[in-house]
Amino acid sequence: MAAISIRNVSKSFGLTPVLRGLDLEVADGEFVSFLGPSGCGKSTLLFCIAGLEDLTAGTIHLGERDMGHIPPRDRNIALVFQDYALYPHMRVRENIAFPLHQQNLPAETVQKQVAWAAELLGLEALLDRSPAELSGGQRQRVAVGRAIVRNPAALLMDEPLSNLDASLRVRMRTEIKRLQKELGLTVIFVTHDQEEAMVLSDRIAVMNAGVLQQFADPMTVYREPANQFVASFIGSPQMNFLPGTMAGGALDDTKTLGVRPHDLVPTRRAPNDALTIQGTLSLIEPAGPVTFLDVTLADGTLIKATCADPRTYRPGETLTLAAPRANVCVFDTASGVRTGALAPPSDDSLVGHTSDEAMAHGI
Amino acid sequence: MSGATHAIVQAPPLRGRRTERVPAFAYLAAAPTLLVVLLVVGVPLGYSFFLSLNRINPITHRWIYVGFGNYAALPGNPDLWAALGRTAYFAGFSVIGTTLLGGIFALVLNARFPGRGLLRSVVLVPWAMAPVSVGVLWSFLFAGDFGGLNGLLNDIGLSSLATPWLGNGFRALNLVALVNVWNQAPLTALMLLAGLQSMPASLHKAAMLDGAGPMRRFVSITLPWLKPSLLFITIIATINSLMAFDILWILTRGGPGSATTVLSWLGYLLSFQFFKFGEGAAVLYVLTALSFLLAIFYFVVLGPRRTLPQSSAGLAALPGGKRVKTMATLPPFRPRARLLPFAASRVLARGGFWATALVVFLWSALPVVALLLLSITPAADLIRTPATVVPSTLTLDNFVSVLLPGSVAGQVSSVQAERVPLSVLNSFLVGASVAAISVALGTLAGYAFARHEKAPAFRISLWALLLTRMTPGLTLVLPFFIGFRTFGLIDTRTALIVSYCSFLLPLSAWMMKSYFEGVPRSLDRAALIDGCSRLKMLWKILLPVARPGIVATAIFCFLASWNEFLFALILTSTPKSQTIPVILAGFLSQAQFYTYGPMFAATVLSIAPPVAVAFLFQRFLVQGALSGAVKG
Chain F
1 MAAISIRNVS KSFGLTPVLR GLDLEVADGE FVSFLGPSGC GKSTLLFCIA GLEDLTAGTI
61 HLGERDMGHI PPRDRNIALV FQDYALYPHM RVRENIAFPL HQQNLPAETV QKQVAWAAEL
121 LGLEALLDRS PAELSGGQRQ RVAVGRAIVR NPAALLMDEP LSNLDASLRV RMRTEIKRLQ
181 KELGLTVIFV THDQEEAMVL SDRIAVMNAG VLQQFADPMT VYREPANQFV ASFIGSPQMN
241 FLPGTMAGGA LDDTKTLGVR PHDLVPTRRA PNDALTIQGT LSLIEPAGPV TFLDVTLADG
301 TLIKATCADP RTYRPGETLT LAAPRANVCV FDTASGVRTG ALAPPSDDSL VGHTSDEAMA
361 HGI
Chain X
1001 MSGATHAIVQ APPLRGRRTE RVPAFAYLAA APTLLVVLLV VGVPLGYSFF LSLNRINPIT
1061 HRWIYVGFGN YAALPGNPDL WAALGRTAYF AGFSVIGTTL LGGIFALVLN ARFPGRGLLR
1121 SVVLVPWAMA PVSVGVLWSF LFAGDFGGLN GLLNDIGLSS LATPWLGNGF RALNLVALVN
1181 VWNQAPLTAL MLLAGLQSMP ASLHKAAMLD GAGPMRRFVS ITLPWLKPSL LFITIIATIN
1241 SLMAFDILWI LTRGGPGSAT TVLSWLGYLL SFQFFKFGEG AAVLYVLTAL SFLLAIFYFV
1301 VLGPRRTLPQ SSAGLAALPG GKRVKTMATL PPFRPRARLL PFAASRVLAR GGFWATALVV
1361 FLWSALPVVA LLLLSITPAA DLIRTPATVV PSTLTLDNFV SVLLPGSVAG QVSSVQAERV
1421 PLSVLNSFLV GASVAAISVA LGTLAGYAFA RHEKAPAFRI SLWALLLTRM TPGLTLVLPF
1481 FIGFRTFGLI DTRTALIVSY CSFLLPLSAW MMKSYFEGVP RSLDRAALID GCSRLKMLWK
1541 ILLPVARPGI VATAIFCFLA SWNEFLFALI LTSTPKSQTI PVILAGFLSQ AQFYTYGPMF
1601 AATVLSIAPP VAVAFLFQRF LVQGALSGAV KG
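Chains F and X are the protein sequences, given in the same order.
Position 47 (the first sequence) corresponds to 47 in the numbering used here; numbering is contiguous.
Take any residue in the second sequence, note its place counting from 1, add 1000, and you have its number in the numbering used here.
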């Protein structure tokens, strides 16, 4: 296992820039997710690390070694592809043994190592099947087996769970996390599913349009998003954005407020330190543990709030929603950059001020 | 072909699914194609089998039923064994040659490099040309006294090496096979390229990361992936080379002596030169049987292994707790010792690639350029001794004499040259009609086959279609001749259109079936729910979606019809219905030196539409190959 350091990496396809000057340090044994919408360059960055794409500028180090002129086959990096890329004409056993055979290891070692990987992944009964005879989840496991069997310096995964159905996806991600901790793997995991990234990662790198937006641990990314893009990409349903003027006169239009639906609950008597908003309940969406409430504000904006028990509410009624001020993000409207949390109301002054502590976590 | 592998990997076979009721529309749609195939292929095939059971006196036209006597006499005929040996050699040479060359072509054309589209088109040209045009070109290049090859040798001072290339028996057999390879290799390349393109890119990337080098990846990944395509390609290449006829007719006519008399030529000789219809038919039936047996043999050797149905067992939870097996102690990862620095080996690989691409380009383009040059060389230059390839001047006279006979005062076009414009028109009319009919009927049938493949009636008729695609034209041409004579259709364009449709309809139906299989069924259902009738659904929804497939099919049918020689030769006798390949062959058999110039001009005309198609529709052709199109 090794640390990976990505320094000022840029990549263009022809004239189209895909990655623009990225810097990232992944520590040894760390689980890092690259998260972003499709086309943001996360997979390209992964392929650059693997050596499947050449860099336009910058360097990538694996441990101490500069990977610049090292072809993929000599990097000792394993990659689990989105479509698994199992060799269709080889049995599971041969698939898993393939990377070991390339290193000319003695047959005995290969056999032992394949048996180890098969047991680790519960594939022992499937070793003589061909990939066509496996289910999606089984194929995924074989792909992981082929990747870890040679003890690679780093394990890269390109949306490995996106082809599985929902319940299997949740199970497999737990398995991947367990495996990573047990083997102490350095993992880079590409996904567009923010929940997956939150659950799995030690740190998340949020990317958009080839630019790194934020690189921090999951709760920091969730609570203190660096900017409006990160705030809207992380969390489901999406964060509500409101004009700064709704902060009770403390802010003006140059600021935008961000409130997560989970922080915004209906209340009869708003506490003093809360941000309160009034609106008309238009739709009730029960989702099990919580229920989402669609609320229309006076200016026509639709926002989402949550409540535990919707039975007392009727569409059409007027609700007062409240959110703890500390959980409300304040963004600069022009740049979208988060400037801090909404300050508690002060008695002597109506001039809003924003805390700077969040800036430390941003970029 | 490769599509099938894909399906195997991705979608488990649906078993035990309730069979759907086949709507009457499907039967109606497939009926015309099946009827044509049955009437126009099945009946003649049966008739020619009947012929082979008889001995027919060519003078008195008396039929004597001999049962299997013709077949029984074959083993005692030394000519047959000699021809069989030459056929085996010719076919072996062709199959190995086309597969190797086609493989190299496909690998080069599958790479990404500037100019790939151009190279793809250029590589396709030798195949798009009619075998007759190919034969005319190479017969001049190989010719003894005035030939292009000898001329080139003279020009570069190697006149001692000049020789009548086709004069030596064994050399002639090899050269004819080589020309056949030149003509057929692009088809193999096209089908292999389609197979390569269907390979998921991630396979090679994964193997790269697993530490496999280029050679290892070719052997372990590419070759196994191409195996199902290779099965079909070898079958097609084998049948094509067993049935090779046009090139032989033009280049050597079975000679010198009998050095290039292969089975197909022997069958032709017996039937149409000696008018021993029964014996000829027997020889041709042996040839047909041979190609079926070889197809079955390949299928057994190269065919797909049966895979177990996918287990329905769910995914067991990962075993937790104590594990029995421990990790093996792996030696620390050591990158390979490299002979050359990374940058240098990269440059070397790049250079090697471009060199190969250049060779591929020259191999395909040089002979065609030579043909163009010949067509604008004054006729007198072509018969100079000592021969040279440098023309004394360039002229368009040859084109004028074949395009506008009699228009230039003082210039006399030969009789044969005067026939060219009409023959080009004939070729166009026949080609366009055949393409239109085949596409119209083939699309209907292809749709029915694609959607109801499992229905017993369609399963059987699909096999029948496949069978007709393996039937050699030589077996059919005699019953056709007799049939058309009966109906007074001999020497008409209609006869040509009917006969071409008979063997192009199965091809067209097959191509369209493959294409429709890629069109989601939900489209049909959506259209039906939205209120379309089945015909309207096909017309309004599916045809626009399937347009690329239709274009590819139309092109294949047009090309096959434009380039066809055997039927045109036998079924037509006067310029009013002769097509351009027949006229070209006529130039050659008259062998008048002063018509060489116009002959090459006519040859250029004959390859112009196919070459234009290769350049304009190269993308469609690759697509067509992908959908399993196979044309000789």
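Bear in mind the hints are in silico, worked out from the structure with no lab data behind them.
From a predicted model like this one, the values you see are computed outputs, not experimental measurements.
Among these hints, one or two may not hold up.
What the hints assert, rightly or not - Partial list, computed: chain F residues near chain X (C-beta under 10 Å):
#1 S12
#2 L15
#3 P17
#4 G68
#5 V80
#6 P88
#7 R93
#8 T109
#9 A115
#10 L120
#11 P152
#12 D158
To be verified - To give an idea of the chain X side of the interface with chain F (calculated C-beta under 8 Å), a few residues:
#13 L1203
#14 G1213
#15 G1255
#16 G1257
#17 A1259
#18 K1325
#19 F1333
#20 R1336
#21 A1337
Positions of the beta carbon are idealized from the N, C-alpha and C atoms, including for glycine.
Given hint V80/F near chain X, where the shortest CB pair must fall under 10 Å
With Cβ-Cβ at 9 Å, under 10 Å, it holds.
Holds or violated: is the Cβ of S12/F closer than 10 Å to a Cβ in chain X?
Not OK, violated: S12/F not within 10 Å of chain X, min 16 Å.
Is the shortest C-beta separation between A1337/X and chain F less than 8 Å?
At about 10 Å, which exceeds the 8 Å cut-off, the nearest Cβ of chain F leaves the hint on A1337/X violated.
Would you check whether L1203/X satisfies its interface hint, that is, whether its CB is within less than 8 Å of any CB in chain F?
holds, 5 Å
Hint check: is the beta carbon of K1325/X less than 8 Å from a beta carbon of chain F?
holds, 5 Å
L15/F as chain X interface residue, shortest Cβ-Cβ below 10 Å
violated, 15 Å
Report holds or violated for the interface hint on L120/F, using the least CB-CB distance to chain X and a cut-off of 10 Å.
It holds, given that the least Cβ distance between L120/F and chain X is near 7 Å, below 10 Å.
Should the hint that A1259/X touches chain F count as held when the rule is a Cβ pair under 8 Å?
Violated, about 43 Å.
Hinted contact P88/F with chain X - closest CB pair below 10 Å
Hint holds; P88/F Cβ to chain X Cβ min 5 Å, cut 10 Å.
Against chain X, with CB atoms and a cut of 10 Å, does the hint on P152/F hold up?
holds, 8 Å
Hint status (Cβ of T109/F to nearest Cβ of chain X, threshold 10 Å)
holds, 5 Å
Are G1213/X and chain F close enough, Cβ to Cβ, to be under 8 Å, as the hint says?
Holds: closest Cβ of chain F sits about 7 Å from G1213/X, inside 8 Å.
Checked against the numbered hints given earlier, the structure breaks hints 1, 2, 3, 7, 15, 16, 17, 21 and satisfies all the rest.
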